[in-house]
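Visitor: Listed here are the chains, written in short residue letters.
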Amino acid sequence: MAAPVESVTKHPAERSPFTTTSFQKKTRSKLISIPGTRPSVQNGQLLVSTGVTSLDFLLGGGLAVGTVLLIEEDRYDSYSRMILKYFLAEGVVCRHELFVGAAQDNPDDILQELPSPILDDVAIHKPAEQPQLSREPQDSLDAMKIAWRYQHLPKVQSALASSSRFGHYYDVSKMMEAEIRQAAKCHRFYLPEHPTQSSTTRSPVLESYSALLKSLQEVIHKEGFAVAASMSKSRNILRIGLHSLGSALWGDDLSCHDNPAHCHSLTTFLYGLRALLRSSLAVAVVTVPSYLIQDRALMGSITRLCDNAIALESFKGSERETNPLYKDYHGLLHVRQVPHLNCLASQLPDHKDLAFKLKRKQFTIETLSLA
Amino acid sequence: MLPEIWQGTDAGGLLVIQDSASYSGRHLLKSFINAALTREEDIHVIGFDVSEDELRNGLKESTTQRLHFHNAFTDPLGWTDHPAFTVRQFNLEEITHLVKQTSHAKAATLVIDSLSWILRHVSPSIVCKTLQQLKKGGAVRTIIGLLHADMHQRGTVGSVCHLATSVITVVPGINGDEAVAKITKRSKSGKVMQDEEIFTIKEDLTIIVQSKSSQTGLKHPHTEEQEADPAANLTFNLRLSDTEREAKEKLALPFVFSKEKKTALLHSGLGSGRILYEPDANDDYDQEDPDDDLDV
Numbered sequence: 001m002a003a004p005v006e007s008v009t010k011h012p013a014e015r016s017p018f019t020t021t022s023f024q025k026k027t028r029s030k031l032i033s034i035p036g037t038r039p040s041v042q043n044g045q046l047l048v049s050t051g052v053t054s055l056d057f058l059l060g061g062g063l064a065v066g067t068v069l070l071i072e073e074d075r076y077d078s079y080s081r082m083i084l085k086y087f088l089a090e091g092v093v094c095r096h097e098l099f100v101g102a103a104q105d106n107p108d109d110i111l112q113e114l115p116s117p118i119l120d121d122v123a124i125h126k127p128a129e130q131p132q133l134s135r136e137p138q139d140s141l142d143a144m145k146i147a148w149r150y151q152h153l154p155k156v157q158s159a160l161a162s163s164s165r166f167g168h169y170y171d172v173s174k175m176m177e178a179e180i181r182q183a184a185k186c187h188r189f190y191l192p193e194h195p196t197q198s199s200t201t202r203s204p205v206l207e208s209y210s211a212l213l214k215s216l217q218e219v220i221h222k223e224g225f226a227v228a229a230s231m232s233k234s235r236n237i238l239r240i241g242l243h244s245l246g247s248a249l250w251g252d253d254l255s256c257h258d259n260p261a262h263c264h265s266l267t268t269f270l271y272g273l274r275a276l277l278r279s280s281l282a283v284a285v286v287t288v289p290s291y292l293i294q295d296r297a298l299m300g301s302i303t304r305l306c307d308n309a310i311a312l313e314s315f316k317g318s319e320r321e322t323n324p325l326y327k328d329y330h331g332l333l334h335v336r337q338v339p340h341l342n343c344l345a346s347q348l349p350d351h352k353d354l355a356f357k358l359k360r361k362q363f364t365i366e367t368l369s370l371a
Numbered sequence: 001m002l003p004e005i006w007q008g009t010d011a012g013g014l015l016v017i018q019d020s021a022s023y024s025g026r027h028l029l030k031s032f033i034n035a036a037l038t039r040e041e042d043i044h045v046i047g048f049d050v051s052e053d054e055l056r057n058g059l060k061e062s063t064t065q066r067l068h069f070h071n072a073f074t075d076p077l078g079w080t081d082h083p084a085f086t087v088r089q090f091n092l093e094e095i096t097h098l099v100k101q102t103s104h105a106k107a108a109t110l111v112i113d114s115l116s117w118i119l120r121h122v123s124p125s126i127v128c129k130t131l132q133q134l135k136k137g138g139a140v141r142t143i144i145g146l147l148h149a150d151m152h153q154r155g156t157v158g159s160v161c162h163l164a165t166s167v168i169t170v171v172p173g174i175n176g177d178e179a180v181a182k183i184t185k186r187s188k189s190g191k192v193m194q195d196e197e198i199f200t201i202k203e204d205l206t207i208i209v210q211s212k213s214s215q216t217g218l219k220h221p222h223t224e225e226q227e228a229d230p231a232a233n234l235t236f237n238l239r240l241s242d243t244e245r246e247a248k249e250k251l252a253l254p255f256v257f258s259k260e261k262k263t264a265l266l267h268s269g270l271g272s273g274r275i276l277y278e279p280d281a282n283d284d285y286d287q288e289d290p291d292d293d294l295d296v
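Protein sequences, first through last, are from chains S and A.
So for the first sequence, full-length UniProt numbering puts the first residue at 1; every next one is plus one.
So for the second sequence, full-length UniProt numbering puts the first residue at 1; every next one is plus one.
Any given hint could turn out to be false.
Straight-line Cα separation of at most 27 Å, DSS-like style, residue types lysine-lysine; simulated pairs [stated by the list, open to error]:
1. S:K361 x A:K188
2. A:K135 x S:K327
3. S:K316 x A:K100
4. A:K182 x S:K316
5. A:K188 x S:K316
6. A:K182 x S:K174
7. A:K185 x S:K85
8. A:K185 x S:K361
9. A:K182 x S:K85
10. A:K182 x S:K214
11. A:K188 x S:K357
12. A:K136 x S:K357
13. A:K136 x S:K359
14. A:K185 x S:K185
With the Cβ distance kept under 7 Å, some of the chain A side facing chain S (calculated, not the full set) [unchecked claim]:
15. H121
16. T156
17. P172
18. S189
19. V192
For the record, the hints were derived by calculation from the structure and aren't laboratory data.
Please read all numbers here as calculations on a predicted model, not as lab measurements.
Built from N, CA and C at the ideal position, the CB exists for glycine as well.
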């Protein structure tokens with residue numbers, strides 16, 4: 001069961017600088033009000049945004065607290081890494097705590113590369129301009145010949161965002177500023193810093209994964225993310241981003257051999273991770289290089305062990321790159337699994353052919369239309 | 001892209017040359033070594049596949065003192081009492097030690113011929129870890145490894161290439177001495193560039209890049225379709241000439257205000273309209289709206 005929504009004393013909702021509306025929701029029922037979360041309309045779970053509004057829509061409104069999202073990496077790990085960065089950036093903007101675990105790149109490097117949020121989403125009325133050259137007012141008036149009344153009105157935002165400020169938009173060409181990033185508390189796990197001694201006992205979990213799991217458990221208990229912890233201080237969400245689990249750098253030969261010797265270590269780790277998350281206010285995003293894993297049955301069990309699973313397939317380097325059907329997109333997105341939490345059936349997406357495109361200010365996921 | 005890699009303009013990182021039984025990548029490897037020696041760089045070669053004489057054959061005599069050959073050919077598994085270099089010695093400490101012994105202040109290039117030998121006897125995860133440590137550490141600047149792709153499982157080859165900054169896959173070309181190189185390069189910003197070139201290697205180990213590979217029968221030849229111009233081939237004229245366009249711009253539309261009136265209207269109406277609502281006796285003005293906790 002995912003983390004139940006329970007009654008706590010109501011805390012005054014924080015006015016973060018990123019809320020733009022002065023409306024305060026009248027909360028008649030006693031729900032946990034953690035900034036950056038909202039209850040789902042379908043099953044009442046507490047949802048957080050993944051950072052990509054189109055992905056939130058696909059997953060049924062957002063990522064439920066206490067669940068795991070599995071991202072099967074594309075061939076060169078460009079887009080899956082981008083989604084991981086969006087997820088962490090959303091955590092910084094919503095003032096959640098972060099936990100980054102990686103074996104290949106230093107977590108500090110990943111945190112440096114977070115995209116910068118677009119803050120001035122709200123339409124700003126430009127006041128009457130200062131006296132300009134006589135030419136310019138003429139040109140600006142001629143800009144709209146017929147709809148000139150709308151000239152000074154600000155451009156309308158695209159209607160993807162819902163009415164409350166749940167998801168944010170990011171500009172990937174700029175890095176997040178250091179002040180914003182340092183305001184967020186980050187926990188790191190970089191595998192080369194945890195030298196593992198090869199134990200003589202054959203445990204089902206690799207030392208690297210068990211060290212990661214222990215570190216996660218420590219952070220959750222010490223920082224008070226466990227649901228059973230005392231309610232005295234204000235609650236927050238822990239966002240866990242784990243990069244490239246199952247790759248050779250974690251010591252796992254899942255992606256190297258067709259019949260791996262450690263075939264159960266990643267699955268055992270995911271089982272332990274999910275058990276840990278179910279009893280804490282945390283969300284995890286895990287990326288796995290699935291194109292290297294040859295054993296399809298094992299990949300299937302890895303998918304089943306995570307609540308949400310999507311696979312990215314980029315067109316770079318494949319013959320699909322030149323196909324005119326795909327020329328507007330960067331790749332295909334397959335939804336492998338949707339969660340059914342506390343319910344019998346899950347909300348399946350209507351369309352199965354989805355394609356994604358990474359634009360500068362948005363990561364869009366659209367249904368592939370044949371036109 | 002092959003000339004840039006050959007000239008070493010974008011050095012650094014791990015370069016993997018993937019070959020197969022049909023075309024050996026060692027010629028390309030030797031031409032890279034030759035080019036680096038001409039640039040007066042220090043090269044450390046760990047040779048498993050071929051002997052020192054065979055590798056030095058063809059390289060320019062004057063520059064070979066910068067080439068340090070570590071003999072792993074005679075006894076790679078340590079069966080004799082005094083092996084020169086074994087597969088067990090392929091880790092960060094030993095290699096750093098080796099490189100620091102013979103190298104000067106400049107960062108050196110490490111050439112591994114071939115990675116396949118090491119992958120046969122050491123677990124791939126340990127090899128990947130060592131390569132990643134070498135890439136991150138400062139002892140060597142560039143690592144060039146030769147990998148025989150048909151000797152390993154696909155996952156192993158994929159894992160090693162996943163770590164690489166650039167991967168060059170060589171296959172035999174259509175003509176006799178030509179070969180096709182498929183190059184994939186990953187830049188620091190995460191951008192991936194791909195290229196396919198036909199090249200030949202001359203006697204003195206220089207590379208001649210023939211041309212970009214033309215579309216072979218494997219790919220569908222994509223014909224460029226012209227956008228059909230809908231205004232062509234009509235019995236009436238839908239296009240505008242320049243004078244006609246100017247006249248169109250000058251035309252005063254009905255209901256168009258003069259500029260003064262427009263600016264007056266624009267600047268005064270900055271705020272949006274306000275709705276003044278006085279609830280009537282018949283209106284049901286309930287503060288408690290049952291719909292207000294809907295979030296959609």
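Visitor: None of the hints should be skipped; say for each whether it holds.
Guide: Results of checking the hints against the structure:
no.: 1; hint: S:K361 x A:K188; in the structure: holds, 21 Å
no.: 2; hint: A:K135 x S:K327; in the structure: violated, 35 Å
no.: 3; hint: S:K316 x A:K100; in the structure: violated, 40 Å
no.: 4; hint: A:K182 x S:K316; in the structure: holds, 13 Å
no.: 5; hint: A:K188 x S:K316; in the structure: holds, 17 Å
no.: 6; hint: A:K182 x S:K174; in the structure: violated, 32 Å
no.: 7; hint: A:K185 x S:K85; in the structure: holds, 22 Å
no.: 8; hint: A:K185 x S:K361; in the structure: holds, 26 Å
no.: 9; hint: A:K182 x S:K85; in the structure: violated, 30 Å
no.: 10; hint: A:K182 x S:K214; in the structure: violated, 43 Å
no.: 11; hint: A:K188 x S:K357; in the structure: holds, 21 Å
no.: 12; hint: A:K136 x S:K357; in the structure: violated, 32 Å
no.: 13; hint: A:K136 x S:K359; in the structure: violated, 31 Å
no.: 14; hint: A:K185 x S:K185; in the structure: violated, 35 Å
no.: 15; hint: H121; in the structure: violated, 14 Å
no.: 16; hint: T156; in the structure: holds, 5 Å
no.: 17; hint: P172; in the structure: violated, 21 Å
no.: 18; hint: S189; in the structure: violated, 9 Å
no.: 19; hint: V192; in the structure: holds, 5 Å
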